[in-house]
Amino acid sequence: MKALVAVKRVIDYNVKIRVKADKTGVETANVKMSMNPFDEIAVEEALRLREAGIVSEIIAVSLGVAQCQETIRTALAMDADRGILVQTDAELQPLAVAKLLKAVILQENPEIVIIGKQAIDDDCNQTGQMLSALLGWPQATFASKVKISDGRAQVTREVDGGLETVSIKLPAVITTDLRLNEPRYASLPNIMRAKKKPIATMTPEALGVDATPHLVVLKVEEPAKRQGGRKVGSVAELVDKLKTEARVI
Amino acid sequence: MAALVVAEHDNRALRPATLNAVAAASEIAAPEVDILVAGKDCRSVAEAAAKIAGARKVLLADDAAYEHALAENVAPLVVGLAQNYSHLLATATTSGKNLMPRVAAMLDVMQISDISAVVSPDTFVRPIYAGNALATVQSKDPIKVVTARGTAFPPVEATGGTAAIEPVQTTGTTGLSEFVGAELSKSERPELTSARIVISGGRGMQSGDNFHLLEKVADKLGAAVGASRAAVDAGFVPNDYQVGQTGKIVAPELYIAVGISGAIQHLAGMKDSKVIVAINKDEEAPIFQIADYGLVGDLFKILPELADELERHQ
Chain A
52 MKALVAVKRV IDYNVKIRVK ADKTGVETAN VKMSMNPFDE IAVEEALRLR EAGIVSEIIA
112 VSLGVAQCQE TIRTALAMDA DRGILVQTDA ELQPLAVAKL LKAVILQENP EIVIIGKQAI
172 DDDCNQTGQM LSALLGWPQA TFASKVKISD GRAQVTREVD GGLETVSIKL PAVITTDLRL
232 NEPRYASLPN IMRAKKKPIA TMTPEALGVD ATPHLVVLKV EEPAKRQGGR KVGSVAELVD
292 KLKTEARVI
Chain B
37 MAALVVAEHD NRALRPATLN AVAAASEIAA PEVDILVAGK DCRSVAEAAA KIAGARKVLL
97 ADDAAYEHAL AENVAPLVVG LAQNYSHLLA TATTSGKNLM PRVAAMLDVM QISDISAVVS
157 PDTFVRPIYA GNALATVQSK DPIKVVTARG TAFPPVEATG GTAAIEPVQT TGTTGLSEFV
217 GAELSKSERP ELTSARIVIS GGRGMQSGDN FHLLEKVADK LGAAVGASRA AVDAGFVPND
277 YQVGQTGKIV APELYIAVGI SGAIQHLAGM KDSKVIVAIN KDEEAPIFQI ADYGLVGDLF
337 KILPELADEL ERHQ
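Heads up: the sequence lines are chains A and B, in that order. The C-terminal position of the first sequence is numbered 300 in our numbering, with every residue numbered one higher than the one before it. The C-terminal position of the second sequence is numbered 350 in our numbering, with every residue numbered one higher than the one before it.
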């Protein structure tokens with residue numbers, strides 16, 4: 052079966068975010084960009100399913116500006132088979148991303164779609180659930196274990212109270228949580244090979260999808276800073292301060 | 037304007053997270069706040085929901101299809117009720133996060149995720165980039181689907197309301213998914229996201245066994261026990277302990293971080309706590325920059341000492 056993974060280009064998780072002075076967003080010029088870490092886990096899971104002989108082909112899809120090619124190349128270097136870039140300079144919100152992915156999926160017919168549970172930039176945690184709704188497919192979000200057999204996926208999910216296991220009919224959408232796997236590093240030969248793997252480019256218009264944002268960002272601000280940094284010298288002093296100064300115990 | 041809150045429960049009792057969503061809904065649409073209880077044999081939950089302060093009406097959807105809150109089955113129910121409401125809300129727990137985007141997509145609207153403030157009925161503040169920026173967003177959709185950050189909306193009173201319970205037409209099962217089982221952590225301690233005091237351990241704890249040192253302190257304080265991602269990834273404690281950007285968001289009166297360096301993604305989950313204490317042997321650890329009280333030293337010496345000191349003060 053074919054697997055489709057979606058990979059988002061985001062500000063690298065190690066970069067300290069700076070809010071723009073005009074409050075229109077965060078600074079992205081000359082900032083290191085990487086694949087969303089949860090999407091790396093999605094790529095890795097697809098690779099493991101291919102190594103287990105369950106998945107035959109892995110398609111990595113990214114949506115956004117031309118540089119999203121680099122994010123796709125990263126997935127190809129991890130050893131995905133080919134890429135699709137839905138290219139646009141316009142802002143894409145999760146509902147639009149889900150609609151665009153649906154259009155790609157209707158062309159490619161994958162039986163399993165794996166994506167990160169959330170992107171570390173907008174922290175929305177929506178796209179996978181929206182995509183499965185639009186396709187009328189089942190969803191297994193926040194996956195920490197995936198087993199495929201007999202046209203179903205048995206997925207263990209990380210939930211607030213612990214773990215929950217569901218069995219869903221394929222085709223389905225699975226979103227990844229942190230403990231699903233540890234993504235591999237691309238090997239040098241695979242990085243070289245990735246350069247020759249095909250990436251098809253499409254546009255929202257060609258896919259017939261209206262990707263207009265439904266949310267207007269009025270402003271982006273920095274949160275209030277905490278005044279910290281005070282040290283105490285001993286456990287006795289700590290307990291005393293918590294009792295008499297902070298009055299929290 | 038009217039808001040519908042999707043209640044969280046286990047078919048026997050209401051989960052406290054529901055009270056946070058009702059608080060957010062009340063800011064938007066009071067007094068027109070209804071609560072949906074979808075489950076199996078869950079009348080007692082509906083009765084509890086009817087007592088929530090500010091509830092106008094409780095909609096009860098009782099059907100085997102809703103027993104395990106599978107999003108595939110619950111979403112069509114919520115969508116069917118949506119026409120009567122301007123806002124649909126849930127708390128941004130794993131359950132709310134699982135369900136609400138599915139509802140939003142079926143309604144062809146964007147969800148406004150994890151809001152931390154209501155500016156007006158169509159404008160909300162939400163943290164982005166692990167809380168390192170706050171975005172104010174305005175929704176242009178006819179129905180606003182919203183998940184609310186629990187810590188940003190103090191719970192409404194669980195009692196005092198006298199809402200009527202109305203049964204609603206159920207939508208049955210889609211047959212797309214099945215519940216197989218759950219392994220839920222059992223603990224006598226308070227629940228992490230609603231505890232007044234939280235004590236969390238990080239990689240510095242070195243092993244899961246060492247968490248008993250934290251637990252001793254937690255028991256003296258009546259605190260919940262949490263962990264950093266590093267400690268969960270290392271297998272010291274289960275996933276439901278994780279505090280952070282992609283784990284649980286907590287904002288207790290007192291947060292004690294032990295052996296936690298203070299990665300951005302961890303700070304995102306706890307920096308709104310009222311008082312933060314950091315215990316770490318590395319005095320350069322970033323956690324100290326946001327801590328109200330920092331104590332530099334060996335946690336294996338400090339924790340037993342802290343438990344003794346608290347004992348003395350009791």
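Treat the hints loosely; a few may be bogus.
[As the list claims (entries may be wrong)] Derived BS3-like pairs: lysine-lysine, alpha-carbon spacing no greater than 27 Å straight-line:
| no. | chain 1 | residue 1 | chain 2 | residue 2 |
| --- | --- | --- | --- | --- |
| 1 | A | Lys282 | B | Lys337 |
| 2 | B | Lys76 | A | Lys292 |
| 3 | A | Lys276 | B | Lys76 |
| 4 | A | Lys292 | B | Lys317 |
| 5 | A | Lys247 | A | Lys74 |
| 6 | A | Lys292 | B | Lys310 |
| 7 | B | Lys222 | A | Lys282 |
| 8 | A | Lys294 | B | Lys176 |
| 9 | A | Lys294 | B | Lys252 |
| 10 | A | Lys270 | B | Lys87 |
| 11 | B | Lys222 | A | Lys71 |
| 12 | A | Lys292 | B | Lys93 |
| 13 | A | Lys74 | B | Lys176 |
| 14 | A | Lys292 | B | Lys222 |
| 15 | A | Lys294 | B | Lys256 |
| 16 | A | Lys220 | B | Lys252 |
| 17 | B | Lys252 | A | Lys67 |
| 18 | B | Lys252 | A | Lys282 |
| 19 | B | Lys222 | A | Lys196 |
| 20 | A | Lys294 | B | Lys310 |
| 21 | A | Lys196 | A | Lys220 |
| 22 | B | Lys310 | A | Lys153 |
| 23 | A | Lys67 | B | Lys317 |
Bear in mind the hints are in silico, worked out from the structure with no lab data behind them.
Going through the hints against the structure:
no.	hint	verdict
1	Lys282/A x Lys337/B	holds (17 Å)
2	Lys76/B x Lys292/A	violated (49 Å)
3	Lys276/A x Lys76/B	violated (46 Å)
4	Lys292/A x Lys317/B	holds (20 Å)
5	Lys247/A x Lys74/A	violated (41 Å)
6	Lys292/A x Lys310/B	holds (14 Å)
7	Lys222/B x Lys282/A	violated (35 Å)
8	Lys294/A x Lys176/B	violated (48 Å)
9	Lys294/A x Lys252/B	holds (19 Å)
10	Lys270/A x Lys87/B	violated (38 Å)
11	Lys222/B x Lys71/A	violated (45 Å)
12	Lys292/A x Lys93/B	violated (46 Å)
13	Lys74/A x Lys176/B	holds (21 Å)
14	Lys292/A x Lys222/B	violated (33 Å)
15	Lys294/A x Lys256/B	holds (14 Å)
16	Lys220/A x Lys252/B	violated (45 Å)
17	Lys252/B x Lys67/A	violated (36 Å)
18	Lys252/B x Lys282/A	holds (23 Å)
19	Lys222/B x Lys196/A	holds (21 Å)
20	Lys294/A x Lys310/B	holds (14 Å)
21	Lys196/A x Lys220/A	holds (16 Å)
22	Lys310/B x Lys153/A	violated (44 Å)
23	Lys67/A x Lys317/B	holds (24 Å)
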